[in-house]
Amino acid sequence: MCLDPLSLATMAIGGIGSAVSASERNASNRAMVDARNKATTDEFARQDGYQQQSSGIFDGVLNKFSGPAQTQGLADAKAGAGAAIRGNQPTNVGSILLGGAASPQAVAAQDNTISDAFARGGERATALGNLTGYDRQGTQDRLNLTDSGRGLDTISNFSQGSASLLPLEREVAGNNAYKPPSGLGDLLSFVGNVGSFKGGEGTLPTKSIFGAQKAALPALSTGRWFG
Amino acid sequence: MCLNLGGSQPVDNSAEIARQKEQERQSRIASGQGAIDNAFSIFDPAYFDQFTKSYTDYYNPQADEQFGKARQNLRYDFARKGTLNSTPAQSKFGDLLNSYSDARDQIAANAASATDGLRGQVSQNKSSLYNQNAAAADPSAAAVGAAGSVGSLTTAPNFSPLADLFGGLINSGASYAAGRQNRLPAGYDQYFQPGASGRGTGRVIS
Chain V
1 MCLDPLSLAT
11 MAIGGIGSAV
21 SASERNASNR
31 AMVDARNKAT
41 TDEFARQDGY
51 QQQSSGIFDG
61 VLNKFSGPAQ
71 TQGLADAKAG
81 AGAAIRGNQP
91 TNVGSILLGG
101 AASPQAVAAQ
111 DNTISDAFAR
121 GGERATALGN
131 LTGYDRQGTQ
141 DRLNLTDSGR
151 GLDTISNFSQ
161 GSASLLPLER
171 EVAGNNAYKP
181 PSGLGDLLSF
191 VGNVGSFKGG
201 EGTLPTKSIF
211 GAQKAALPAL
221 STGRWFG
Chain B
1001 MCLNLGGSQP
1011 VDNSAEIARQ
1021 KEQERQSRIA
1031 SGQGAIDNAF
1041 SIFDPAYFDQ
1051 FTKSYTDYYN
1061 PQADEQFGKA
1071 RQNLRYDFAR
1081 KGTLNSTPAQ
1091 SKFGDLLNSY
1101 SDARDQIAAN
1111 AASATDGLRG
1121 QVSQNKSSLY
1131 NQNAAAADPS
1141 AAAVGAAGSV
1151 GSLTTAPNFS
1161 PLADLFGGLI
1171 NSGASYAAGR
1181 QNRLPAGYDQ
1191 YFQPGASGRG
1201 TGRVIS
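So the protein sequences, as listed, match chains V and B. Following the working numbering, the numbering of the first sequence begins with 1 at its first residue and continues without gaps. Following the working numbering, the numbering of the second sequence begins with 1001 at its first residue and continues without gaps.
I should point out that these hints are in silico values taken from the structure, not numbers from a laboratory. Careful, some of the hints might be misleading.
Derived BS3-like pairs: lysine-lysine, alpha-carbon spacing no greater than 27 Å straight-line [to be verified]:
no., chain 1, residue 1, chain 2, residue 2
1, V, Lys179, V, Lys198
2, B, Lys1081, B, Lys1069
3, V, Lys198, V, Lys38
4, V, Lys78, B, Lys1053
5, B, Lys1053, B, Lys1069
6, B, Lys1081, V, Lys38
If you anchor each label on the Cβ, the simulated ranges turn out as follows [claimed, not checked]:
no., chain 1, residue 1, chain 2, residue 2, range
7, V, Ser55, B, Pro1045, 38 to 46 Å
8, V, Asp76, B, Gln1121, 35 to 43 Å
9, B, Gly1034, V, Gly49, 18 to 26 Å
10, B, Ser1127, V, Ser28, 45 to 53 Å
11, B, Gln1121, V, Arg120, 29 to 37 Å
12, B, Glu1065, V, Gly100, 47 to 55 Å
13, V, Ser28, B, Ala1135, 27 to 35 Å
14, B, Ser1091, V, Ala101, 57 to 65 Å
15, V, Gly94, B, Asp1057, 52 to 60 Å
16, V, Asp76, B, Lys1021, 42 to 50 Å
Here are some, though not all, of the chain B residues that point toward chain V, as calculated from beta-carbon distances under 7 Å [to be verified]:
no., residue
17, Arg1080
18, Tyr1100
19, Val1122
20, Ala1134
Cβ coordinates follow ideal geometry from the N, Cα and C atoms, glycine included.
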């Protein structure tokens, strides 16, 4: 078996053409994959940002439910409620005695009665404040949860809206990264094929192409590859 | 070398447009939340303190008035019997003072509870507006809703007046005074003591 230099050269050109086409195809595929990956990683970065915001809100409200915070909050609530209730206690209760007819002993007895009533009233007000302080603390806890829930809902809304775009962004990024073949590979392959055909002593169908006089191209089997 | 004879490939910017629209939507939501927060800024601690004061301002005078009448009735009841300077009169007065103090305590506690309820209602309304804002993603609509909600919240709630606080106490005081008035004359008590002097006609049958 023996091939002439022209045939070898054109075969090599055809091979190079195929290699160029494959390389361009691979490069395009790689660019499409990279573009899709970048769209994904960009979205993950946005989701990480949302996650950090959510964590900040959650950590903030969780800290409000920590033992020391709850203890302090309850103490403040009790103190505030107790002060409010004591502040609403009566200060002037008058007298049931008749002005000029009351003996000094009766006046003194009434003063003691009032003093005792005020003292007991103050104690009961403090006790009631301690009791209602739990309600006040519970209300504050619920308000804190509602506030954090609002923030988390908003971030979740943003997160879902952003994530919903990912399939579109991946598809579009891939499509935009697609690189059409330059044609060089095809051209080289064509030259290689033609050269090989010629090397096989085939006749180029120039007249059939331009003059439409010879319709059929010679089959490849007529070449003499194996001399 | 590029033999691409078909011209440059068209670029699909639909994802870019969608991303921009999403950012605009998020901006509208954030802007709407700002409008809501601004509308709800009137619900500061001073607002709720004022509500608490309004509550006590409504109920305290009712308790004071009832106490004043109860004290007067107590005075008249015992004065009619001539026992105003007695220990039982002072005891009843002490009971009245305790009830009065408890009533004022309860008013303050109820005021705090009502204030907590109002705070919760405000917070719920704010959450509802946040949700509506997110759904509409329209700051102007959210601001209108916030203003309407604020208007409904500032409408005065319907509070019932106080019931009779000291009626039972005064009735018992009057009963006591009446009982004192109708008691047996001195010296007759011994005949009605159980087992006194063996004069009873009853027998316990075992």
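Right, here's what the structure says about each hint:
1. V:Lys179 <-> V:Lys198: Answer violated: Lys179 (chain V) to Lys198 (chain V) is near 33 Å, above 27 Å.
2. B:Lys1081 <-> B:Lys1069: Judged against 27 Å, a Cα distance of about 18 Å means the pair holds.
3. V:Lys198 <-> V:Lys38: Distance of about 48 Å is beyond 27 Å: violated.
4. V:Lys78 <-> B:Lys1053: holds, 19 Å
5. B:Lys1053 <-> B:Lys1069: Holds - the C-alpha atoms of Lys1069 (chain B) and Lys1053 (chain B) are around 24 Å apart, at most 27 Å.
6. B:Lys1081 <-> V:Lys38: violated, 99 Å
7. V:Ser55 <-> B:Pro1045: 38 to 46 Å: At 29 Å between Cβs, range violated.
8. V:Asp76 <-> B:Gln1121: 35 to 43 Å: violated, 23 Å
9. B:Gly1034 <-> V:Gly49: 18 to 26 Å: holds, 20 Å
10. B:Ser1127 <-> V:Ser28: 45 to 53 Å: Between Ser1127 (chain B) and Ser28 (chain V), where Cβ atoms are some 51 Å apart, the hint holds.
11. B:Gln1121 <-> V:Arg120: 29 to 37 Å: holds, 35 Å
12. B:Glu1065 <-> V:Gly100: 47 to 55 Å: violated, 26 Å
13. V:Ser28 <-> B:Ala1135: 27 to 35 Å: violated, 43 Å
14. B:Ser1091 <-> V:Ala101: 57 to 65 Å: Check failed, 19 Å falls outside 57 to 65 Å.
15. V:Gly94 <-> B:Asp1057: 52 to 60 Å: With a Cβ separation near 21 Å, Gly94 (chain V) and Asp1057 (chain B) fall outside 52 to 60 Å, so the hint is violated.
16. V:Asp76 <-> B:Lys1021: 42 to 50 Å: Holds - the Cβ-Cβ distance for Asp76 (chain V) and Lys1021 (chain B), about 47 Å, lies within 42 to 50 Å.
17. Arg1080: violated, 12 Å
18. Tyr1100: holds, 6 Å
19. Val1122: violated, 9 Å
20. Ala1134: At about 5 Å, which falls below the 7 Å cut-off, the nearest Cβ of chain V leaves the hint on Ala1134 (chain B) intact, so it holds.
Checked against the numbered hints given earlier, this structure breaks hints 1, 3, 6, 7, 8, 12, 13, 14, 15, 17 and 19; the rest are met.
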